[in-house]
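So you can see what is in the structure, the chains are spelled out below.
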Amino acid sequence: MDTFPLLQVPLWIEVVAIAVGALAGAAGAVRQRFDLVGVLFVAVVMGLGGGVVRDVMLGLRPVAVTNQAYVLAALGAGLGAVVLLRVVTRFVRLFGLFDALALGLFVVVGVEKAVLNGAPFTGALLIGVVAGIGGGVTRDMISGLPVQVLRRGEWNAAAAALGAALFLLLRELGTPDLLRDLLAFAVIVLARYASPLFGWQTVEAGDL
Amino acid sequence: MDTFPLLQVPLWIEVVAIAVGALAGAAGAVRQRFDLVGVLFVAVVMGLGGGVVRDVMLGLRPVAVTNQAYVLAALGAGLGAVVLLRVVTRFVRLFGLFDALALGLFVVVGVEKAVLNGAPFTGALLIGVVAGIGGGVTRDMISGLPVQVLRRGEWNAAAAALGAALFLLLRELGTPDLLRDLLAFAVIVLARYASPLFGWQTVEAGDL
Amino acid sequence: MDTFPLLQVPLWIEVVAIAVGALAGAAGAVRQRFDLVGVLFVAVVMGLGGGVVRDVMLGLRPVAVTNQAYVLAALGAGLGAVVLLRVVTRFVRLFGLFDALALGLFVVVGVEKAVLNGAPFTGALLIGVVAGIGGGVTRDMISGLPVQVLRRGEWNAAAAALGAALFLLLRELGTPDLLRDLLAFAVIVLARYASPLFGWQTVEAGDL
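Protein chains in written order, with our numbering: chain A, 1 to 208; chain B, 1 to 208; chain C, 1 to 208.
Just chain A, same shape as in the assembly (with noise of 0.2 Å):
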């Protein structure tokens, strides 16, 4: 159960991720008609779903439960997205783009928390994609809703896995940090919010 503070994530990049996640989890439970505890609840299992995860698998007990800004960003994020309803749903597109900023936000701050914390290669892409996709799958069973990540169509398991490997290989190869981070954040919002534009579909396995 011990943390290393000198080696944790910036703060206030973990609170960004939580927000924006928790707007989109918020936002789809708004169109799904969620009474307002529903959205709430949402928005904290999308915020923080995959953090709780993350550390857990890491042997931690979560920040979120230690640190009153996440369970705070989450509710925030998700009181502000019914707040602004129907702004909202006129720009249905931005869903999507804040999906997107959620994935590559918790995918790398995972796979980068996997790592100081000691986990291998193998350790920190598995907690890489869980971090990103475990608070959107545990949403989507939790609504009743087919999870996702493992149809055909949109890339979503495989941009988090993509990005979390892209992530790891720099650091092997000596990539200054801010670099890393950043290309493999690109590399995920571009192939999530990219996929659906431009019709990219990932293969079915029975084709391949």
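A hint or two may mislead.
Claimed, not checked - Just so you have them, the derived chain B footprint on chain C, three or more residues with Cβ under 8 Å:
#: 1; stretch: 56–68
#: 2; stretch: 133–147
Claimed, not checked - Incomplete in silico selection of chain A near chain C, CB under 7 Å:
#: 3; residue: 56
#: 4; residue: 59
#: 5; residue: 119
#: 6; residue: 141
#: 7; residue: 157
#: 8; residue: 158
Hints listed in this document are in silico derivations from the structure and should not be mistaken for laboratory results. Glycine included, each C-beta is placed from N, C-alpha and C at the ideal position.
Here the structure of chain A is known, so what remains is to put chains B and C in place on it, guided by the hints.
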């Protein structure tokens, strides 16, 4: 993975909560025509699920693993529900009461344990809600039912959050432990049990 | 978060269990027409899921995170299932066998690891069942399939519980380790694999 033996919630309260939760879970599973193993599995999930997640999020080894009373209470309540089936199906309204009592017990025990283990306000609130509804959400997902927590209608996560927040406020105000526990418990049970009787509904977020 | 290096289950047994579980998962995912990433994701979930939950419930950092052999075994088995697709689909009955072998391996390894880490009878039983069926339940939930464990019909959780209880009884009786492991494994595989062949069904709770 330390425990704080002098700071524990009394064992008998947790065992009662587990038995009540397992009874509610098993009764629902019998009505869904699960087989015997399925009923006992649902009883264990409902009785122990929330507490396992609570302990893992606090960085503790789940008491359900270390203390044999927990699994035995859940299995005993599950078997009891099967044996009492014919009597039990006559009193369907009782299940709603069991559900409400279990929710109240799980939330109060969860918040208390979180506070005793050093969680701040939002962390204890998060753990209280998760401990309260975790078993039921898992049960619904495993059973292929729509997760009731999120839909407009009965108070569930809302009751849990309300009671957990009341507990933490009363604690800040220095209210005696027993009074604080009873008030939070009563508010949760009332909000959960009375809401369907009186037709109270939570508000759809889109209507705000 | 300590591990007990002298008290570990042999690595190769766990790797075999993971590969067999991942193969069973991937084969099912191919038949459901998931894309390549989805197939690999299901392979990882089926291969590693039960073990991750087992380790978290024991208060250990999951070995899947720390030891690269685990993720590689799951990914390798998943890729193997995709490559061997045409051969594999001819031998559909084989998947039932893989499923049964994986269940037996996961349960025996899970109970053994729980006992080595100080869990009492009921705790080890709980962890054995969860380790055995955890991957499959998660896979079903993620895939949007009804969770097979709970329905009347094939022995699954029942086989896991039976084998775990037998393991723990034989251990109390001082049965040699290898004999104990093989007997528990054989009972699980037989109960799981033979039940659909012979039409054995678990009993609906309402019929008792």
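**Prompt:** In ascending order, which of the hints set out earlier in this document are inconsistent with the structure?
**Reply:** none
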